[in-house]
Amino acid sequence: MVNVYVLVTSVSPLTAFLHDVGVVVQSQQRQGRPLKIRDFLLQQRGASDSHQALRQLKEVLGEVLQAASNSEMREATARCLLCFQLLTFTLLFRGSISPVIVQLDTKLNFSSLSNTTFDRQITRDQILEDVLHFLLAPPTYLSSAAQVGSCRGTRPICLSQGHFLFLQRFVQQLQTPFPFHLLYPRNSSFSSSSSSAPLSLSELQQQIVFLLQKDRAEDVNISTNKEPESSKQGSVCVDPHLRQIYTEPPLALTPPFSPRIKEYSAQVTFDTVLVRIRPKPVSSTCKVHLDEQQGPRLANYPVGLGTSRIRILVTGGSQQHLVVMAIYTIHVLREGRPILPMLGDHVMCSFLQVCQHSR
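Numbering follows the UniProt record's numbering, with no gaps: position 213 of the sequence shown is 213.
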């Protein structure tokens with residue numbers, strides 16, 4: 001079973017994107033684990049069939065969304081262009097290369113992930129953060145002449161300001177590297193027509209997808225003749241910062257957490273004797289260790305009276321030659337034993353037990 005997460009940014013015309021991280025639940029396990037969809041399909045289908053399996057997955061999801069979109073269009077309900085909806089699809093992979101949709105949730109579902117290891121909170125925060133960055137990316141403004149549009153030519157394009165903004169956002173989302181990949185419209189859904197009728201918004205979308213993917217294919221062919229450099233830098237920790245620090249109980253850090261700030265303080269109550277902590281790095285190529293270079297990434301820290309220090313090391317390099325790139329420090333102050341006042345509005349009670357023996 002695999003949970004995949006879909007972001008629908010428009011119903012009419014239908015526009016949807018697939019996040020590259022899913023939650024995989026093996027049949028023998030109760031808890032799931034976050035995993036990139038490409039890596040999961042590579043493990044299940046091998047290198048030869050994984051690309052076809054991903055295309056089939058996108059096609060199955062696209063058909064369901066298209067059917068739902070057609071049903072919505074029959075209703076006379078006004079829909080906004082720049083709204084969005086997050087969906088969770090539960091898929092079952094059997095012998096066929098095409099998955100079966102088992103369940104659809106109209107919200108994010110991470111119930112199969114563990115709370116103890118912070119996997120549920122980390123995956124939820126990561127996807128929501130990706131959604132906000134994806135939807136709220138600064139727009140690239142067009143010139144005033146381009147915004148007016150043109151109604152001349154063999155197939156005139158007459159667009160309102162709202163439709164221009166919609167297409168502008170769509171092009172920007174396709175060209176910006178995000179963990180969301182286009183699910184619909186598909187490239188195969190575009191077909192040129194000799195009609196002189198104005199292009200609809202949906203046809204313009206399909207034409208944009210067709211042209212952008214054509215340009216990417218040409219860029220790939222050119223880059224194959226050059227020596228790849230990204231493979232050499234793929235395992236290098238280039239951004240040695242933390243994305244977030246997860247703790248249980250939650251610590252109120254002072255100052256509030258920021259990836260650029262390296263030292264914090266926090267205060268806990270007297271009855272807090274353990275703090276479970278798991279830092280999360282910004283880049284997956286960076287590793288985190290607690291207290292020392294070979295320390296764990298998740299640990300339960302005993303908190304003594306007074307001030308305790310927790311060190312978080314962000315490292316790079318190989319397992320044999322770790323290099324410390326950054327150090328974060330948290331000073332945890334545990335409150336002293338509470339002292340009850342000798343005088344005050346307090347009443348001491350006692351109980352008298354009466355025992356009766358029957359003969």
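Keep in mind the hints are simulated off the structure, nothing from the lab.
All C-beta atoms in this analysis are idealised placements derived from N, C-alpha and C, irrespective of residue type, glycine included.
There may be inaccurate statements among the hints.
Claimed, not checked - Label pairs and their calculated CB-CB ranges: (1) P138 / D239: 40 to 46 Å; (2) I101 / P138: 42 to 48 Å; (3) R297 / P249: 15 to 21 Å; (4) Q103 / A137: 27 to 33 Å; (5) R124 / I327: 40 to 46 Å.
Claimed, not checked - In silico EDC-like cross-links for lysine to aspartate or glutamate, where the CA-CA straight-line distance does not exceed 16 Å: (6) K36 / D119; (7) K287 / D239; (8) K107 / D125; (9) K36 / E63; (10) K287 / E248; (11) K36 / D105.
Self-check item: Given pair status - E63, K36, alpha carbons within 16 Å
Solution: Answer violated: K36 to E63 is near 22 Å, above 16 Å.
Quiz item: Does 42 to 48 Å hold as the CB distance between I101 and P138, or does it fail?
Solution: Hint violated: Cβ distance 36 Å, outside 42 to 48 Å.
Quiz prompt | Agreement of K107 and D125 with the hint, judged by alpha carbon distance not exceeding 16 Å | solution = The hint holds at about 14 Å.
Quiz item: Lying within 40 to 46 Å: is that true of the beta-carbon distance R124 to I327?
Solution: At 28 Å between Cβs, range violated.
Exercise. Using the beta carbons of Q103 and A137, state whether their distance is inside 27 to 33 Å or not.
Key: holds (31 Å)
Quiz item: Within 16 Å, alpha carbon to alpha carbon, are K287 and D239?
Solution: holds (11 Å)
Quiz item: Between R297 and P249, does the C-beta distance stay in 15 to 21 Å?
Solution: holds (19 Å)
Quiz item: Can the restraint linking K287 and E248 be considered satisfied, given a maximum Cα separation of 16 Å?
Solution: At roughly 21 Å apart (the allowed maximum being 16 Å), E248 and K287 break the hint.
Practice problem: May I ask you to test the hint 40 to 46 Å on the CB atoms belonging to P138 and D239? | Solution: violated (20 Å)
Practice problem: Given the hint that K36 pairs with D119, test it: the Cα-Cα distance must not exceed 16 Å. | Solution: holds (14 Å)
Self-check item: Pair hint K36 and D105, alpha-carbon separation not exceeding 16 Å
Solution: Answer violated: K36 to D105 is near 20 Å, above 16 Å.
When the structure is compared with the earlier hints, violations turn up for hints 1, 2, 5, 9, 10 and 11 and for no others.
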